[in-house]
Amino acid sequence: MVNQLATAFDTPQYRPSREKPVINIFPFPLHKLAMCSSPLLEKQAGFARNWISELDSLQQHYLILDSDHTIIKILQEEPNLYELLMEAVKPLEDVFGTSRIIQIRVQLADEDYMLRVAVQLPSNFEGEPEHKLNSFHEAWWLDNCHRSGGTLVFDYELRDAI
Amino acid sequence: MQFDWREFLIVAHESRNDPRESVRRTCLGRIYYYVYHLGLSKAQLLNWQDPKQSSHKALWSWFQGYSDPDIKKLGVLGSRIYSSRIDSDYRAHPLSSLMIVSKRLRNAREFELLVAKSNGQTPPTALTP
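Top line first, the protein sequences correspond to chains A and B. Going left to right, the first sequence walks through residues 1 to 162 as the working numbering numbers them. Going left to right, the second sequence walks through residues 1001 to 1129 as the working numbering numbers them.
It should be emphasised that the hints constitute simulated quantities derived from the structure, not laboratory data. The model shown is predicted, which means the values in this text are computed figures rather than measured ones. Heads up, none of these hints are tricks.
Only pairs whose alpha carbons sit at most 25 Å apart, straight line, appear in this in silico BS3-like list of lysine-lysine:
#	chain 1	residue 1	chain 2	residue 2
1	A	K73	B	K1052
2	A	K132	B	K1103
3	B	K1072	A	K90
Use the sequences and the hints to build the structure in full.
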């Protein structure tokens, strides 16, 4: 999808100015999209978004275990995820507390991928974590899960890892 | 006679205290496939059409799109159990928790209770904790 769009925009009128510095940190042609200078084009194509800025915002709330490139690509493929993840911060904090580390990592299977969002809890966590997670589901996730296309999964992890 | 997918749950339950990583991973896979087949049969009652490609994520997403909160919960629960199954079958990193099998057994019980409630059926007998 990204490649197709990039090809569509690779015409003289949309080609970026040569005066602008080009730093291609992505192995796919995302830089072409990021340098489109027509506001109308950006609005029409839904590319008035700054993916790096969005990633920065997510990193203020989540510990992201995968590469920037991987996460940005997923955010592009599924534009709802950024808003969902940002909206999820408060209800997660309301239930689990404000000082928790919340990890995000990509899970890959042969046929699928998912984004796993896991609140990290100490083994001596006060309260039943499963009830806490259910509270989060009832308070927010059940009303919003239809927006993630099945990609997001919220869970908790107790720190008794081997 | 058709295979009863709940046999998978019983096998996982019988092995729930085995500390070997390989056994715990196997348990997570069997729990998932019990829940998956139960979910699939429920979805077919609701006129689910099998997608051409993977039906796992699509199935749980489809449940999550329902307005009925109990059906939505099936999607959320199924998705969590699927997430564990992906880790158990595709990720070499050690499993996150020693308690993960017990946790997923409880989730599977919750899932089968919801399905039974939705179908107006008596739920299967609970396995001993």
